[in-house]
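Colleague: Based on the sequences and whatever the hints tell you, model everything.
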Amino acid sequence: MSEVDCNVVLERLWVFLDGEADEALYRELEAHIEACLHCRNHVDFERRLRAVIQVKCKGEQAPLALRAALDRLLSGSQ
Amino acid sequence: MGALLVTLDHPHVTVSDEDRARFEALVAGHLDGLYSSALRLTRNRTAAEDLVQDTFLKAWRSFRTFQAGTNARAWLYKILMNAYIDGYRRSSRLPEEVDQEDIGDFYLYAKAQESEEYRKAGDPEEILLSQVMDADVKDALEQVPEPFRAAVILADLEEFSYKEIAEILGIPVGTVMSRLYRGRRHLQRLLWDYARRAGYARDEIGLRSQVPP
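Protein chains in written order, with the numbering used here: chain A, 1 to 78; chain B, 79 to 291.
Keep in mind the hints are simulated off the structure, nothing from the lab.
Predicted, not measured: the structure shown is a model, and the values here were computed from it.
Worth double-checking, as some hints may not be accurate.
Unchecked claim - Just a few of them, taken from the derived set where beta-carbon distance is under 7 Å, the chain A residues facing chain B:
#1 20
#2 42
#3 45
#4 50
#5 52
#6 53
#7 56
#8 60
#9 61
#10 66
#11 70
Said to hold, decoys possible - Capping the alpha-carbon separation at 30 Å, the derived lysine-lysine pairs in DSS-like fashion look like this:
#12 B:156 x A:58
#13 B:216 x B:156
#14 A:58 x B:136
#15 B:198 x A:56
#16 A:56 x B:189
#17 A:56 x B:241
#18 A:58 x B:241
#19 A:58 x B:189
#20 B:216 x B:189
#21 B:216 x A:56
Claimed, not checked - Each pair of labels, with its calculated beta carbon distance range:
#22 B:208 x A:34: 23 to 29 Å
#23 A:76 x B:204: 49 to 55 Å
#24 A:25 x B:143: 36 to 42 Å
#25 B:248 x A:67: 27 to 33 Å
#26 A:63 x B:193: 38 to 44 Å
#27 B:200 x A:30: 27 to 33 Å
All residues carry an ideal CB built from backbone N, CA and C; glycine is no exception.
Modeller: Here it is as structure tokens:
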């Protein structure tokens, strides 16, 4: 077992949040985060921040002209 | 737009109705997502529309080589990203890679925690998140320089895996990780400024409304 402390969590924060840590690392990070209020709050904050960024930056509706162009492409290429 | 469509027809290849239906189902389902990403990349509605149209034209042209059962969404985003990067090259507006100075780590969470002002006001994280909600997050994201912005869009908005992003952008996974790291650090720095501005604006409105007429 390696020593996972707050610095290790910070170094691996994105890998952890992105679900890209391998299983052994994930478990070690998770164990520390569960036990450490500071890290737990930070991880929680990053998750909520990402949710806000998604809500604010996604969900654009493609303009009708674009859908029409797609229809034209598909009906035109016989 | 019409003229462009004609040049893309392949006179020697017959397209089955089945192909057409499959393609339509595939692209129509991702059109809003592609457009959202294109808009964050190009920062301009007309350019985003052109980019998405270019994407599905190119996708249609190479649809025959597309294997059913492979990752269709990643395939479409790869075409989108290639078209976007080609557009940059053509107009010689090369993405600036001017992030060389070491500005160290930047975490919004740490900034909120360190701020005396936020602490005094109560729960620092809650206050900061509500200011981010009020801020122009789209604009902040669009200020993140390339090539970091593309990585952030693919990971944080489109939720692709590192491996998928590596495939989409044609770069190694290690490069994906470093671009993401820098892009997110940029974004959090920008959000810190934007959120605080939004916070001040709200406070001023609040103060004014308390002043009796």
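Colleague: Does each hint fit the structure? Answer for all of them.
Modeller: Comparing the hints with the structure gives:
1. Among the interface hints, the one on residue 20 (chain A) holds; its C-beta lies about 5 Å from the nearest C-beta in chain B, closer than the 7 Å criterion.
2. Of the supplied interface hints, the one on residue 42 (chain A) holds, with its beta-carbon coming within about 5 Å of a beta-carbon of chain B, less than 7 Å.
3. At a threshold of 7 Å, the smallest CB-CB gap from residue 45 (chain A) to chain B is about 4 Å, leaving the interface hint in force.
4. Hint status for residue 50 (chain A): holds, given a least beta-carbon distance of 6 Å to chain B, under 7 Å.
5. With its C-beta approaching chain B no nearer than about 5 Å, residue 52 (chain A) sits inside the 7 Å limit, and its interface hint holds.
6. This hint holds: residue 53 (chain A) has a C-beta 6 Å from the nearest C-beta of chain B, less than the 7 Å allowed.
7. Hint on residue 56 (chain A) holds. Least Cβ distance to chain B is approximately 4 Å, under the 7 Å limit.
8. Hint status for residue 60 (chain A) relative to chain B: holds, with the closest Cβ pair at about 4 Å, below 7 Å.
9. Taken as an interface hint, residue 61 (chain A) checks out: its beta carbon lies about 6 Å from the nearest beta carbon of chain B, inside 7 Å.
10. Against a cut-off of 7 Å between C-beta atoms, the interface hint on residue 66 (chain A) holds, since the closest Cβ of chain B lies about 6 Å away.
11. The interface hint given for residue 70 (chain A) holds, since its Cβ lies 6 Å from the closest Cβ of chain B, which is under the 7 Å cut-off.
12. Restraint check for residue 156 (chain B) and residue 58 (chain A): satisfied, since their Cα atoms lie roughly 19 Å apart, inside the 30 Å limit.
13. Taking the CA atoms of residue 216 (chain B) and residue 156 (chain B), the gap is near 22 Å; set against the 30 Å cutoff, the hint holds.
14. In summary, the hint linking residue 58 (chain A) to residue 136 (chain B) is supported, as the alpha carbons are separated by about 24 Å, within the 30 Å threshold.
15. Our distance criterion of 30 Å between C-alpha atoms is met by residue 198 (chain B) and residue 56 (chain A), whose separation comes to about 28 Å.
16. Our distance criterion of 30 Å between C-alpha atoms is met by residue 56 (chain A) and residue 189 (chain B), whose separation comes to about 21 Å.
17. Distance check on the hinted pair: residue 56 (chain A) and residue 241 (chain B) sit about 26 Å apart at the alpha-carbon level, within 30 Å; holds.
18. At roughly 22 Å between alpha-carbon atoms, residue 58 (chain A) and residue 241 (chain B) fall within 30 Å of each other, so this suggested pair holds.
19. Simply put, residue 58 (chain A) and residue 189 (chain B) have alpha-carbon atoms about 26 Å apart, close enough for the 30 Å limit, and the pair holds.
20. A distance of roughly 21 Å separates the Cα atoms of residue 216 (chain B) and residue 189 (chain B); the hinted pair therefore holds under the 30 Å criterion.
21. Of the supplied pair hints, the one linking residue 216 (chain B) and residue 56 (chain A) holds, its CA atoms being roughly 7 Å apart against a limit of 30 Å.
22. For residue 208 (chain B) paired with residue 34 (chain A), a C-beta distance near 27 Å keeps the hint of 23 to 29 Å intact.
23. For the pair residue 76 (chain A) and residue 204 (chain B), the supplied restraint of 49 to 55 Å holds, since their beta-carbon distance comes to about 54 Å.
24. Roughly 38 Å separates the CB atoms of residue 25 (chain A) and residue 143 (chain B), a value that falls within the hinted 36 to 42 Å.
25. Taking 27 to 33 Å as the suggested C-beta distance range, the pair residue 248 (chain B) and residue 67 (chain A) conforms, at roughly 29 Å.
26. A hinted range of 38 to 44 Å for the beta carbons of residue 63 (chain A) and residue 193 (chain B) is consistent with their spacing of about 41 Å.
27. A C-beta distance of roughly 29 Å is found between residue 200 (chain B) and residue 30 (chain A), which places it inside the suggested range of 27 to 33 Å.
The structure fails none of the hints (numbered hints given earlier).
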